[in-house]
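Visitor: Got chain A; can you put chains B, C, D, E, F and G on it based on the hints?
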Amino acid sequence: MNLLENGLNFNWSGALELIITNGLKIILLIIGLMIAAPLGKKIISKTITAASNKEKISQGRIRTLEKLLINIYSYVLIFLFIVMLFGIFEIPVAPLLAGAGVLGLAIGFGAQGLVSDVVTGFFLLLEKQVEVDEYVTAGGYDGIVEEVGLRTTKIRSFDGTLNFVPNREISGVSNHSRGTMRALVDIGISYEDNIDEAMAVLQTICDEFKENDDRFKEGPDVLGVQSIGSSDIVLRVLGQTENMAQWAVERDMRKRIKEAFDAAGIEIPYPHQVNVDKT
Amino acid sequence: MNLLENGLNFNWSGALELIITNGLKIILLIIGLMIAAPLGKKIISKTITAASNKEKISQGRIRTLEKLLINIYSYVLIFLFIVMLFGIFEIPVAPLLAGAGVLGLAIGFGAQGLVSDVVTGFFLLLEKQVEVDEYVTAGGYDGIVEEVGLRTTKIRSFDGTLNFVPNREISGVSNHSRGTMRALVDIGISYEDNIDEAMAVLQTICDEFKENDDRFKEGPDVLGVQSIGSSDIVLRVLGQTENMAQWAVERDMRKRIKEAFDAAGIEIPYPHQVNVDKT
Amino acid sequence: MNLLENGLNFNWSGALELIITNGLKIILLIIGLMIAAPLGKKIISKTITAASNKEKISQGRIRTLEKLLINIYSYVLIFLFIVMLFGIFEIPVAPLLAGAGVLGLAIGFGAQGLVSDVVTGFFLLLEKQVEVDEYVTAGGYDGIVEEVGLRTTKIRSFDGTLNFVPNREISGVSNHSRGTMRALVDIGISYEDNIDEAMAVLQTICDEFKENDDRFKEGPDVLGVQSIGSSDIVLRVLGQTENMAQWAVERDMRKRIKEAFDAAGIEIPYPHQVNVDKT
Amino acid sequence: MNLLENGLNFNWSGALELIITNGLKIILLIIGLMIAAPLGKKIISKTITAASNKEKISQGRIRTLEKLLINIYSYVLIFLFIVMLFGIFEIPVAPLLAGAGVLGLAIGFGAQGLVSDVVTGFFLLLEKQVEVDEYVTAGGYDGIVEEVGLRTTKIRSFDGTLNFVPNREISGVSNHSRGTMRALVDIGISYEDNIDEAMAVLQTICDEFKENDDRFKEGPDVLGVQSIGSSDIVLRVLGQTENMAQWAVERDMRKRIKEAFDAAGIEIPYPHQVNVDKT
Amino acid sequence: MNLLENGLNFNWSGALELIITNGLKIILLIIGLMIAAPLGKKIISKTITAASNKEKISQGRIRTLEKLLINIYSYVLIFLFIVMLFGIFEIPVAPLLAGAGVLGLAIGFGAQGLVSDVVTGFFLLLEKQVEVDEYVTAGGYDGIVEEVGLRTTKIRSFDGTLNFVPNREISGVSNHSRGTMRALVDIGISYEDNIDEAMAVLQTICDEFKENDDRFKEGPDVLGVQSIGSSDIVLRVLGQTENMAQWAVERDMRKRIKEAFDAAGIEIPYPHQVNVDKT
Amino acid sequence: MNLLENGLNFNWSGALELIITNGLKIILLIIGLMIAAPLGKKIISKTITAASNKEKISQGRIRTLEKLLINIYSYVLIFLFIVMLFGIFEIPVAPLLAGAGVLGLAIGFGAQGLVSDVVTGFFLLLEKQVEVDEYVTAGGYDGIVEEVGLRTTKIRSFDGTLNFVPNREISGVSNHSRGTMRALVDIGISYEDNIDEAMAVLQTICDEFKENDDRFKEGPDVLGVQSIGSSDIVLRVLGQTENMAQWAVERDMRKRIKEAFDAAGIEIPYPHQVNVDKT
Amino acid sequence: MNLLENGLNFNWSGALELIITNGLKIILLIIGLMIAAPLGKKIISKTITAASNKEKISQGRIRTLEKLLINIYSYVLIFLFIVMLFGIFEIPVAPLLAGAGVLGLAIGFGAQGLVSDVVTGFFLLLEKQVEVDEYVTAGGYDGIVEEVGLRTTKIRSFDGTLNFVPNREISGVSNHSRGTMRALVDIGISYEDNIDEAMAVLQTICDEFKENDDRFKEGPDVLGVQSIGSSDIVLRVLGQTENMAQWAVERDMRKRIKEAFDAAGIEIPYPHQVNVDKT
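Residue numbers (the UniProt record's numbering), protein chains in the order written: chain A, 1 to 279; chain B, 1 to 279; chain C, 1 to 279; chain D, 1 to 279; chain E, 1 to 279; chain F, 1 to 279; chain G, 1 to 279.
Keep in mind that the hints are not guaranteed to be accurate.
[Stated by the list, open to error] Within a straight-line C-alpha distance of at most 35 Å, the following computed DSBU-like cross-link-like pairs (lysine-lysine) qualify: (1) K67(C) to K128(C); (2) K258(D) to K255(A); (3) K46(G) to K46(F); (4) K258(A) to K42(B); (5) K67(E) to K42(E); (6) K67(G) to K42(G); (7) K258(G) to K278(B); (8) K278(G) to K217(F); (9) K41(A) to K25(A); (10) K278(F) to K67(G); (11) K278(C) to K217(C); (12) K128(B) to K67(B); (13) K258(F) to K258(G); (14) K42(B) to K42(A); (15) K210(B) to K258(B); (16) K217(C) to K41(B); (17) K128(D) to K258(F); (18) K278(C) to K255(C); (19) K46(E) to K128(E); (20) K128(F) to K217(F); (21) K67(A) to K67(B); (22) K42(G) to K128(G); (23) K128(F) to K67(G); (24) K46(C) to K217(E); (25) K128(B) to K42(B); (26) K42(A) to K128(A); (27) K217(C) to K258(B); (28) K128(D) to K41(D); (29) K255(G) to K258(F); (30) K278(D) to K278(C); (31) K258(F) to K255(D); (32) K258(E) to K217(E).
Calculated from the structure, these hints are not laboratory results.
Bound conformation, chain A alone (with noise of 0.2 Å):
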């Protein structure tokens, strides 16, 4: 009897304190639950939106960005909740943890390449690094960018060839279509030329383009001797073009360039050699 009434009238009063206290921090833990996700949805959406206001980002990406982030910090909130109810309860998840901590570690470090795209992903979308159809060179891939994803960047090279770019391979962008571009034609002389007037003879070239070229923005110019060569004194002429214009621009410089130094009788050197010859 006495071995039966113990079984049955078994600390009840503990269990009471137990379920109280559990309770209470069971409500106090929904309370931070749900202060703690509104909360953070809102702060998120507010510091994209003030994001997006200072740097100009389309609509479309913002919600993708907004979305995203929503969508990890529920994640976050709805594991931390579960871990902590089970606390609560005392089932041990402290060893469940250590030991997705041993299997972490190794995934870690396996994955960590993964967290890296996405990181370097996330800023080259926000900070407008890259945007379809810009001239980029990154990574070491150099051509158009097809699309900017939070993982991979994909460049199509002119030769046709589709790259995929992960981003953490990115380290830095070299964006090649945000402004002017620099025409740049490199034409040596023979030394035996007047220097004043195959420069001018260049000079009349370039006002010609200057007037009649709405593809420069500013220029072109003679900027003079840019080297002593071995064998040609090379003149250099400079100018701004329109953003991917820069090439056909060049090639239309040296056509003309050419065709004056022949109609000036100005000589365009081969390479040279002095023979001695020995008796």
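Guide: Only chains B, C, D, E, F and G this time, still in chain A's reference frame:
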């Protein structure tokens, strides 16, 4: 007698309490497992299906990825269930896990490459960066893809070598089988030749190819004076061809240009040198 | 007397309780071990057999891998059993493991290379990336494989050197003994020669080889004008040969082409230079 | 009744004790927070102000740095307060944090680049290594600084490209806009020319520039025979110019020297070769 | 008196219990040690002996390795015994170890190179990758091995330099003293010479060497036309020689070939150039 | 009443015990602090003074280093005192620190570069590897040191660029301002000239410089035939000069040698080529 | 009264027990320390002495190493004693150490280079890899060793530069001052010269040096035809000289060979070219 009594009717109420508490914990645990198992599988299936619809991955590949992910999920769930069961019966798993941790550290460092392989391989498949029979450059290897695995990608070089590339080595993929390819021919003419005349001859050839050769998707066309070389004026011809036809097309164009230049008397010059005799 | 009594009949019921509880734990542990041991071995055997069937690995190698994995599994099981036994008797293993952890960290960092070796070696064997007597390029070494071990692969260079390559250094394997190999000969003709005529001569040679030389599996054939060099027009001939026959075939073709060109009066030109005499 | 009594009047004194203890702890915590918050802010402000006075940083930048640091400080304080509050109510935060630790590890590895960016960026600003509109070489990029951010520095190359350089890539900064720059011209004369005579001509030109060209801050002067080349004796002229004027100055000097040498009959030699005719 | 009594006859039964429990633990520990110590040594000895039988390592080296491993094993055992003894007496070793852990981390990072050295050195010895007096290339150093240590390998370069190579730097070993070596001579003949005739002369020389020179283990033989150079047709001769005799053999063959070609009137051509005179 | 009584006179003796124990702990802690603080400072001062005496560092620099180290020491002491005080009052600092640990990990990884900078900078100063106004090569930068800081070293290149080098990038310092420098002139003479005669002329010049030029600390002297070039016999002249005078000295010697050779009729040859005319 | 009584005569027996237990622990600890301290020092001294006897290190250096190691050992012992003392009095050192751990991590990462320096420096000294006044190549620096420190090695380059090399940068040491050095002269003769005759002339010179020049320890001797160059037949002469005499010896041999070849009418040929005139 007192001894025996003490021994036999030891703290039964405490034991009962323990049994009830633990029983409740186990039931809670099993319920958790029963919810988590199908839920997780469903989420995996749905995510994969959604991703596959969006990315249009073949059914076979979807099944492979789904099976792989569900397998991993199941193993993790079973591992956690066992760990927590042990925890409820207070069999010390913490030291066990700590011990495993020491091993795990050594293994984790050594095996991180393996995890990297699988993570990268997963995205190679999911993002369809490479497909079998495509011509790619990846991890310093160049050739036709024979197999894309979770750990290793097999690439057949054009010289017949079969390359086994661990996926982690693939930092960026250049896929040469996605779209039209560029055919580019640079050809030098002598300083004495008339540039306009040579460009006209080249354009005639380009027009012929445009009409008769349907391997060309765009062009070819003459771009202009690409550079003023030390012994020649370099002209550039550019077009877009069917994928993998670029080399044959370039070979045909080179032959045609050489023959047309011979016919038109335009010289493709040898290297020049001016000899000054010292006396 | 009170003292003695206290000392002698100390908390027997607690001791009894302890014995019963621990006894139960030990029994549970042994049962767990008795289930885990054969189960694990079975799983390993089955996995290996399944893998071997699929990949057609030789019986000897399967046995080696199986034995290795079962050994590792046994050691881990024994280690865990001892740790948990100590845990039940409350002999403090945690500090022991922590102590080992400090050592383990230093060793783990230093020995991770060893683990990398074994992991890579395991997959070299399992995925049959290299076999003995194959000609491979791996880890910067080039030659015939003499032995593939779990830690080191031995490669015999063609100059007679025996290279010991730690498996971790093998980031990618180029296996030159899997399938037909390419035979490729580039040959230059002079600017004055007729391209069609030269290609006809080359194709005649190719046809001869096709008929008479069964080392060729495909081709050889003339591809066309590969490049316009500074002093010659380069033509390319390409075929597929038996494995390892590619070098002998190329040597034979080079000899044959030289002789045929001599007979047909087609010049293989020396480097050219145009001399302009300055006066 | 005994049951009820037990349940209702459970350990009130313990609860009271708990409340008092915890209340005291919370009060202590809040006091700590109230001291730490303004104190920390004050220390940050003062440090920044002191640093700014010493380094003469613009007011705008000081405010930016101050706000950034106070923000970080506030977030850390709030995070710690919450964690300790939870700890006082014995809501298990340790597992929570351990769980976060597993995540944190993965993120920490992936995001360390971000922290590196900010740390380096902070010192770029504080130590004023680069300013907007300066010409620098940093992280392999070369050009005019357009913006120095905490994460990214924007450098405009001279060819018009806009480079986004993550600050962590900037291992050393070469700032070309801090002080006078060197103008250096190397000019070769023939073996037959008199060295003293040539150096006299060069010094005359140098003296002209010294008098007439106020872009020169020091020199230019003739240094002497820099090297005995295979075909010429190389003389060196050196001076210090205004910042960014060095290239124009060098171009002007090259032109002037060429003209003066022509006038004085001093030869700038072509490469020489002695020809031995074999008989 | 009550006080004194309390103080003096404090919980004797508890103390007794403690003593008995701890005594049992210590006995268990000592038994464990007494089993582990000889068992471990036996396992080490047997493993080493087994390994040595299989690999045929010299007796001296086996003893060295055995002694080293048993030493390490003993130190670890003693360390663990002390730690666990402290644990039984509840002297707090955990903080001690944690403290050591902080130190250990710093040291571990710094000293991992040392561990790497020993691990690599151990396998260099065990796998007999290098032996004293062999000619090897390892870690970028090239020469005769003078000593293989656990930490450092000493290599004497052919120029007399003594190189100390930390074993960790040895990522792969090229051992040039294991088997016959290749003797290879490439020789160019002029375009005008008859290939068959030249190959016949070379084969005659090869046959002479085969008969008279017992340094050759295989060959030498003429392989054929290795390449068509810009000025010559390159023929290749190949053979297998005694180890380290390859250089002397090649020198002798070169001299013999030059003399035979002179006798047979076959030209080894100088670089050729075609001169086109521009008029 | 029972309730109240229970509540009011709760475990006073326990509280008293707690107060006494904690009081003792706090006193012990304060005593520890009071001993550690001045002791540590004294040790730092003495160490610095001792080091400075031995290394002869300037007083200003000693003060800087001393202040820096004492500051760091004080902050660490205060941090530890607060942590331990919290620990005595059982305010849970462990989770706090664990939380900080997660942050700390991320920051630790990111900021380790900063610590590296300071550690390296400390030794740069202490070991006096570089001083202001010395000419050094460090971290790939070359020039005059303008400032050595704890984080950054400023080096002024000879072209006027100011380089900011983070100290961690300085893996080795080449200090060119510590002792006499070498002046070395290599000069080629023709194959036809008499070597002894040319060496006599050179030695005469060397003797002139020895007598008249006190920039030379040792030599110069003729060493002999440094190499047999493809067109000349190269002779070497070597001497030791005052620091930073080496370039001017070399320039003067080159000029003198050229003039003396011209006077003595010794030829400094152009590149030679033997022309074989094919008929 | 009950209250007071309770407060005053609180658990004295417990306190007594505590004092006795702790006293015992402290005594045990001190005994441990008293055994460990001299024992450790003895072991260090003996090991060092043993090592020094075996390696014949100078007495001064042994003392330095011994003092360094005993110092480190003492600090570690004191640190551990304090930590354990705190642990006995239950002053919470664990959080303290954890706190230090966060700092320690950051510092550990940053300072690991320092530990690497000392570890490498220790072995540089112990294994006598470099001695003062030896000519070595280490860490990319080349010159005479001026000082070997635990952290830094000072190497004086031949151009007078003083290099400070952190020991960690020294991955392998090439010591050029350990034994005889090789003197090697390669000399080309023309295709027309008789090889046997030229080798006879060279051997005569070698024999002269053998007899008259005691800087030679072995040889010199003529090896044979080292290579068939594009314009010459290269012969090799090889010998072993006194340490550091190799350069002077080579210079003397070059001069002697040139003079002997001139006397014997053997040509050292200039580069050759065959000119084919196109008509």
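Visitor: Against the structure, test the hints numbered earlier, and report the numbers of the ones violated in rising order.
Guide: 4, 8, 10, 11, 16, 17, 18 and 24
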